[in-house]
Amino acid sequence: DSGVTQTPKHLITATGQRVTLRCSPRSGDLSVYWYQQSLDQGLQFLIQYYNGEERAKGNILERFSAQQFPDLHSELNLSSLELGDSALYFCASSSGLAETGELFFGEGSRLTVL
Amino acid sequence: TQLLEQSPQFLSIQEGENLTVYCNSSSVFSSLQWYRQEPGEGPVLLVTVVTGGEVKKLKRLTFQFGDARKDSSLHITAAQPGDTGLYLCAGAGDSNYQLIWGAGTKLIIKP
Chain A
22 DSGVTQTPKH
32 LITATGQRVT
42 LRCSPRSGDL
52 SVYWYQQSLD
62 QGLQFLIQYY
72 NGEERAKGNI
82 LERFSAQQFP
92 DLHSELNLSS
102 LELGDSALYF
112 CASSSGLAET
122 GELFFGEGSR
132 LTVL
Chain B
2 TQLLEQSPQF
12 LSIQEGENLT
22 VYCNSSSVFS
32 SLQWYRQEPG
42 EGPVLLVTVV
52 TGGEVKKLKR
62 LTFQFGDARK
72 DSSLHITAAQ
82 PGDTGLYLCA
92 GAGDSNYQLI
102 WGAGTKLIIK
112 P
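So the protein lines, in turn, are chains A and B.
Every position in the first sequence, counted from 1, becomes a number in the working numbering once 21 is added.
Every position in the second sequence, counted from 1, becomes a number in the working numbering once 1 is added.
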């Protein structure tokens, strides 16, 4: 158990819809990262928040947005969903500012867009 | 743009065999991490290598960082079904704050 909690574990929705994925980081970790992983592929970095502030942005589509709340949990909002958005979405947390430290990953949210 | 290429993309072998997977780049990395992701789970950090030429062992797994810090290898001795998973390498690039991720090697160990 990494200590990172993601909900929901599975989500099925239709094209054009909007969903919100939630992540609670490990206790004490200030950084939250979001990644997208398509079937058996590597991780695509989407965005990082550190202590409530956006820290780094990767290949995140304009239809996607995220935020980190004062209690440090984070949400990833995906809107105007397309078939190609079907993927595993992982949240990770770390204690420090840098992604290059040890990351602790949640179990992921599997999104299926029909 | 820094890239990390992992090879092979897919490997399926019998229990008891040895194997090596590679993580290569034309760029220099200040450190490199290896993660293992089991089916239905998130990636878990196995090791971080920092010094050129460094070798780290984790039971039957041996990790090596190239002398020039541009490549790394993971060797598994006497593979077991529990080694099955997706092996990801990630390097600390120019910014030293963000990782460059490889696409992964999917490993299946058949009993």
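Quick caveat, the hints were computed from the structure, so don't treat them as lab data.
All residues carry an ideal CB built from backbone N, CA and C; glycine is no exception.
Careful, some of the hints might be misleading.
Stated by the list, open to error - Pair by pair, the computed Cβ-Cβ distance ranges are:
#1 Lys57/B to Asp22/A: 44 to 54 Å
#2 Thr34/A to Thr52/B: 41 to 51 Å
#3 Gly54/B to Glu103/A: 43 to 53 Å
Each hint tested on the structure:
1. Lys57/B to Asp22/A: 44 to 54 Å: violated, 25 Å
2. Thr34/A to Thr52/B: 41 to 51 Å: With Cβ atoms ~47 Å apart, the hint holds.
3. Gly54/B to Glu103/A: 43 to 53 Å: holds, 46 Å
Checked against the numbered hints given earlier, the structure breaks only hint 1 and satisfies all the rest.
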